[in-house]
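The lines below spell out each chain.
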Amino acid sequence: MRSKYMAATSCLLAALALGVAACGDEEEPTPGGEGNEQTAEGKDLTIYSSLPLQGASRVQTEALVNGAKLALEQAGGKAGPHRVKYESLDDSTAQAGSWTPEAESANALKAAQDEATAVYIGAFNSGASKVSIPILSEAGVPQISPANTYVGLTTNDPGSEPGEPDKYYPTGDRTFARIVPKDTIQAAALVTLMKTDGCTKVAMTNDKEVYGAGLARVIELSAKEQGLELTSNDAIDKNASNYRSLAQKAKAAGADCFVYSGITANNAVQQFKDFAAALGSDAGLYGPDGVAETGFVSEKDGGIPASLNPQVKVTVATLSPDQYPPEGQEFFKQFTEKYGVDNPDPYAIYGYEAMKLALDAIERSGTGEKADIKKAIFETKDRASVLGTYSIDENGDTTLTDYGAYSVKDGELTFDQTIKAQAG
Amino acid sequence: MSVAASEAQQTPPEQKKGFELPGWAEKILIPAIVLLIAIVLPLIPSIGENAALMQQMAVALAYVVMALGLNIIVGFAGLLDLGYVAFFAFGAFAVGWFASGHFAYVNNEQGIHLLVGGNTVNLPGIHFNFLIVLVIAVILTTIAGMIIGLPTLRLRGDYIAIVTLAFGEIIGRLAVNLDGTTILGGTPVTAGRQGISPVDRIDLPFLDPFTVLDKKPWFYFALFLVVLVLFVNFRLRDSRMGRAWVALREDEIAAVAMGVPAVKTKLMAYGAGAAFGGLSGAYLASLLNTVNADQFQFSFSILVLAMVILGGLGSIWGVVIGAIVLSILNNWLIPDVINDLPSNVGLEFDMTQITFAIYGFLLLLMMILRPQGLLPERRHQMELTEHAETTDETLYTARS
Amino acid sequence: MEAASIPAGPPASQRVKQLIGTYGLTAVLLIMPVWFAIQDLTDEGNLVRLGENLVAGLSNGAIWALVAIGYTLVYGIVELINFAHGEIFMIGSFISASLIVTLGLTVDSAAVPVFFGLLAALLLAMIGSGTLNVLIERVAYRPLRSAPKLAPLITAVGMSFILQNVGLLWKGGNQQGVPDLLNAQNTLFTVFGVTIENADVLSVVVTIPLLIVMTSFINRSRLGKAMRATAQDPEAARLMGINVDTTISLTFLLGGMLAGAAGLIYAMYQTTIWFFQGFTGGLIAFTAAVMGGIGNLRGAVLGGLIIGFIQQMSDNRIGTEWTPAIVFGYLVLIMVFKPSGLLGEQTRDAG
Chain V
265 MRSKYMAATS CLLAALALGV AACGDEEEPT PGGEGNEQTA EGKDLTIYSS LPLQGASRVQ
325 TEALVNGAKL ALEQAGGKAG PHRVKYESLD DSTAQAGSWT PEAESANALK AAQDEATAVY
385 IGAFNSGASK VSIPILSEAG VPQISPANTY VGLTTNDPGS EPGEPDKYYP TGDRTFARIV
445 PKDTIQAAAL VTLMKTDGCT KVAMTNDKEV YGAGLARVIE LSAKEQGLEL TSNDAIDKNA
505 SNYRSLAQKA KAAGADCFVY SGITANNAVQ QFKDFAAALG SDAGLYGPDG VAETGFVSEK
565 DGGIPASLNP QVKVTVATLS PDQYPPEGQE FFKQFTEKYG VDNPDPYAIY GYEAMKLALD
625 AIERSGTGEK ADIKKAIFET KDRASVLGTY SIDENGDTTL TDYGAYSVKD GELTFDQTIK
685 AQAG
Chain Y
61 MSVAASEAQQ TPPEQKKGFE LPGWAEKILI PAIVLLIAIV LPLIPSIGEN AALMQQMAVA
121 LAYVVMALGL NIIVGFAGLL DLGYVAFFAF GAFAVGWFAS GHFAYVNNEQ GIHLLVGGNT
181 VNLPGIHFNF LIVLVIAVIL TTIAGMIIGL PTLRLRGDYI AIVTLAFGEI IGRLAVNLDG
241 TTILGGTPVT AGRQGISPVD RIDLPFLDPF TVLDKKPWFY FALFLVVLVL FVNFRLRDSR
301 MGRAWVALRE DEIAAVAMGV PAVKTKLMAY GAGAAFGGLS GAYLASLLNT VNADQFQFSF
361 SILVLAMVIL GGLGSIWGVV IGAIVLSILN NWLIPDVIND LPSNVGLEFD MTQITFAIYG
421 FLLLLMMILR PQGLLPERRH QMELTEHAET TDETLYTARS
Chain S
222 MEAASIPAGP PASQRVKQLI GTYGLTAVLL IMPVWFAIQD LTDEGNLVRL GENLVAGLSN
282 GAIWALVAIG YTLVYGIVEL INFAHGEIFM IGSFISASLI VTLGLTVDSA AVPVFFGLLA
342 ALLLAMIGSG TLNVLIERVA YRPLRSAPKL APLITAVGMS FILQNVGLLW KGGNQQGVPD
402 LLNAQNTLFT VFGVTIENAD VLSVVVTIPL LIVMTSFINR SRLGKAMRAT AQDPEAARLM
462 GINVDTTISL TFLLGGMLAG AAGLIYAMYQ TTIWFFQGFT GGLIAFTAAV MGGIGNLRGA
522 VLGGLIIGFI QQMSDNRIGT EWTPAIVFGY LVLIMVFKPS GLLGEQTRDA G
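Those protein sequence lines, which keep their order, are chains V, Y and S.
Per my numbering, the very first residue in the first sequence carries number 265; after that it's consecutive.
Per my numbering, the very first residue in the second sequence carries number 61; after that it's consecutive.
Per my numbering, the very first residue in the third sequence carries number 222; after that it's consecutive.
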């Protein structure tokens with residue numbers, strides 16, 4: 265009896281003591297010491313990223329982190345006079361295998377309390393950004409998302425919920441910017457592409473995630489506007505072993521094209537195979553930038569079989585490689601060298617550009633103060649980048665409207681044409 | 061064996077050891093000391109001002125509440141529940157529905173407000189005071205617990221496990237898929253993976269509303285919940301109902317023959333266990349400022365179950381420790397310590413690619429080293445030793 | 222026997238209960254197919270669509286059946302839900318896919334090399350998965366034989382995390398396409414308008430002989446008898462001179478081998494594999510085992526086929542996002558009407 269309680273107490277104490285130790289460790293990188301080192305020339309700043317490094321999104325987030333690291337490396341770890349350190353935080357846990365609100369808000373709190381924080385790159389999931397935006401907005405930490413496309417985070421345009429976006433910024437301080445265009449723009453581009461290719465009836469699936477489902481919703485709106493018939497918009501279960509029955513249904517509805525709104529990791533390859541088999545070899549198969557990566561297009565990397573190559577087209581916000589500014593060319597060369605990938609997937613490019621923009625904003629801010637960096641981000645004008653030339657508007661949205669349509673040749677994405685999508 | 065022996069001597073307590081603490085000390089003094097430490101800790105600036113740490117401690121305490129709830133179902137009553145996440149979901153949705161701007165169109169977009177102050181009264185949506193929401197969460201989950209319990213009444217053993225698992229999965233699916241079904245003037249039932257966010261922060265009478273960056277009040281509120289739940293747990297365990305649960309667990313046929321009402325007793329276990337899950341779920345939703353369908357997955361049920369088993373089935377203090385240990389493991393040890401190891405020793409190795417395996421390995425290791433749990437319940441322990449004597453190393457003990 | 226003193230029949234409420242007990246289950250099982258059959262007949266005048274669902278369901282279900290047997294075997298003998306079993310199945314898929322790629326087989330390969338390649342892949346996957354399962358039992362479950370019943374559940378979960386990570390490191394986080402050696406979605410022939418594809422034939426052709434061999438092994442051979450004896454009463458079995466440890470290892474070996482075979486069929490059938498496939502697959506197969514009556518081999522097969530059919534119907538008509546909820550809903554209903562599963566026996570635990 266007694267031993268039981270003693271054990272309980274000592275264990276609890278040990279646990280709490282561990283907690284203390286934890287805090288002791290975590291204290292080290294924070295203000296004090298490093299702040300004092302600050303010289304006339306510049307400060308020591310930290311750029312945090314918060315991305316789900318476990319589970320199904322890992323492929324994309326690893327690319328994002330690699331892209332960001334490369335950008336910092338190219339800049340020699342400096343932005344203007346300031347020395348910049350990059351710390352990649354994980355907003356997923358091994359137990360959950362996906363992002364958790366616990367981890368995301370802990371990361372945001374960590375960045376919010378670190379005096380050296382310059383920019384917070386994240387989150388990957390729009391749902392996670394809804395958790396971190398209020399915290400970072402309260403603390404005045406500028407945030408750049410390389411992946412959130414959900415409309416309501418920045419504007420109250422169609423597709424958003426009532427009260428958005430103001431409810432995420434309780435202090436009214438807009439700190440969130442993104443370098444990926446909102447759903448609306450890519451949707452318009454995809455629909456335009458399908459129309460010009462002669463699709464009449466299109467079967468659509470979405471992966472039920474924030475990105476995929478949101479995009480699918482605006483594709484529906486856009487298709488109505490542009491007069492393209494969608495036969496279905498089916499949410500899929502990414503864990504399903506195949507989609508043959510679903511594809512049969514689409515065939516029965518007379519679909520002659522298929523579009524998938526989602527990311528590769530949500531069983532994209534299987535869907536393209538099954539729909540290709542059901543709709544025949546003339547049917548066009550379309551995907552958004554979520555599938556624009558080697559792992560999807562290349563058969564030898566586990567992507568779609570070579571026989572499907574001529575049928576598949578993908579839209580990406582990145583331009584034809586020959587239209588890149590010189591530093592973009594450099595990026596491709598170095599990325600290939602460093603990570604041994606022929607064709608960096610779009611998330612590597614987004615990660616690279618998110619870091620580039622952050623460094624650029626720190627440099628333009630001069631002081632390296634959070635408020636000035638934030639101002640610099642929102643004042644971004646006509647920035648020439650790997651994504652094309654864009655500005656950040658007062659909502660924090662990118663003004664990019666051009667999309668590249670890529671076809672697939674020999675298991676590689678090949679630039680096909682530029683699509684001008686009407687913003688909206 | 062020695063444990064069984066001490067059990068036998070337990071009836072005359074003061075008999076053997078000179079420095080044995082009296083019963084009140086064990087039941088009150090030591091918990092009081094632990095509680096005192098927990099209260100004082102945040103007052104140390106380096107801890108209290110570190111919001112990320114305070115939040116993780118608050119989350120750990122919320123997990124303690126959940127684990128204690130599951131312990132009633134699995135530990136006391138012996139009903140293996142693999143769908144505990146359902147109650148987390150119901151508790152969280154109580155907040156999502158009744159304390160957020162989710163139903164923005166109700167009452168002509170004016171919102172419905174009940175005992176809330178500050179800026180909240182001007183917001184659309186349904187906004188009830190957090191304490192009322194807690195009550196709603198408890199009622200909602202208790203009913204849900206009993207409904208889920210109903211089909212399992214005729215089942216035994218692992219069949220219960222699969223049916224509760226099925227319910228957990230169904231609730232999780234509903235949370236994801238009901239974002240297409242609209243009610244109350246055009247709002248979807250759940251926000252699916254988009255998440256209902258933000259939700260109202262805790263706003264208690266006579267206190268300032270809780271804020272985003274100062275997590276101390278949140279921690280104290282969680283501590284209050286833990287104390288409350290611990291108290292209820294001890295009272296339940298030592299009550300008539302608690303004995304009935306144990307009797308059912310040990311031998312259902314004999315218990316029923318002795319007049320224990322099986323249906324009522326089992327449903328009570330489900331209801332009580334679920335209520336704690338709901339309480340904690342509501343608190344977590346408010347603390348984390350979101351109700352997202354991604355949270356309600358099977359792996360969460362397994363996490364809470366692992367806390368209970370690791371701590372020691374049926375042992376209240378054991379479960380508390382189990383929950384804290386696994387929280388530390390998941391939210392601090394793996395992400396903050398192990399992941400930083402290679403860079404600290406100058407290696408370029410990305411630890412996050414093997415985190416799954418590390419987590420699995422640690423679970424495995426802990427269970428093999430302490431199969432009976434960190435702090436086993438006396439009765440379970442007794443059963444164990446008995447078995448060890450009669451059937452030496454044969455099979456799994458079966459018959460829990 | 223019916224003495225006059227005993228009241229004539231059970232009271233009315235009892236009779237209703239009995240009626241529900243006997244026919245309720247059948248009614249529940251038939252709700253979906255009958256409903257859709259009526260729908261098809263009114264809309265299109267034939268049952269082709271339902272037939273397509275049935276064929277796809279049976280061939281998918283055959284894979285679940287193979288995995289479910291592993292659950293049922295292990296459960297029958299050690300009363301443990303082997304959560305790592307789904308991952309064994311996943312590793313089976315990975316082994317066979319890797320071998321196929323290593324052998325250089327592609328879509329265009331000739332029939333003979335494809336046949337022998339697949340045979341080799343089948344053997345290797347079975348041996349690999351079987352051995353792995355035995356090792357897991359040694360490392361994660363045997364040390365806990367005398368521990369509380371739920372302790373091995375947690376080590377099983379731990380094991381499954383480790384194996385998932387192995388899969389993740391092996392093939393990456395995305396689904397991986399496998400060379401479509403058999404041209405899986407090629408229509409082989411049609412029966413009454415229902416198309417039968419290569420994949421359907423493959424899954425049936427591999428599954429049925431395996432099932433026959435397995436059941437006859439368990440029913441006829443000495444080792445099989447030992448297994449059944451151990452399942453019934455391990456203590457008595459030990460006293461009769463049966464080596465319980467060996468028997469348990471053998472059970473894990475058999476279960477793992479079947480999972481490995483299922484892994485190969487899955488890889489060839491779906492032509493896509495994923496490190497996470499074992500989690501979902503395992504959950505479905507476990508549900509199948511319970512639905513059929515855990516511990517019962519024929520029950521596991523029946524459960525697997527039924528779940529396959531439900532899944533296809535739901536995918537085709539209700540929507541894939543609801544399929545898991547519908548499968549689990551069915552499970553709950555079956556449990557309500559028949560608490561010990563479709564062909565359930567009294568296991569030690571239930572008795």
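It cannot be assumed that every hint is accurate.
[As the list claims (entries may be wrong)] Covered by chain S, per the in silico footprint, the following chain V stretches (three or more residues, Cβ under 8 Å):
id, region
1, 478-485
2, 493-504
3, 508-515
4, 565-578
Derived from the structure by calculation, the hints contain no laboratory data.
Note that the structure is a prediction, hence the values are computed from the model and not measured.
Even for Gly, the Cβ is constructed at its ideal location relative to N, Cα and C.
With a Cβ-Cβ cutoff of 8 Å, does the region 478-485 of chain V contain at least three residues near chain S? Check failed, 0 qualifying residues.
Between the region 493-504 of chain V and chain S, are there enough contacts, at least three residues with CB-CB distance under 8 Å, for the coverage claim to hold? Check passed, 6 qualifying residues.
Cβ contact check, 8 Å cutoff: the region 508-515 of chain V against chain S, three residues minimum: holds (count 5)
Verdict on chain S covering the region 565-578 of chain V, where coverage means 3 or more residues with a C-beta closer than 8 Å: holds (count 5)
In this structure, the one hint that does not hold is number 1.
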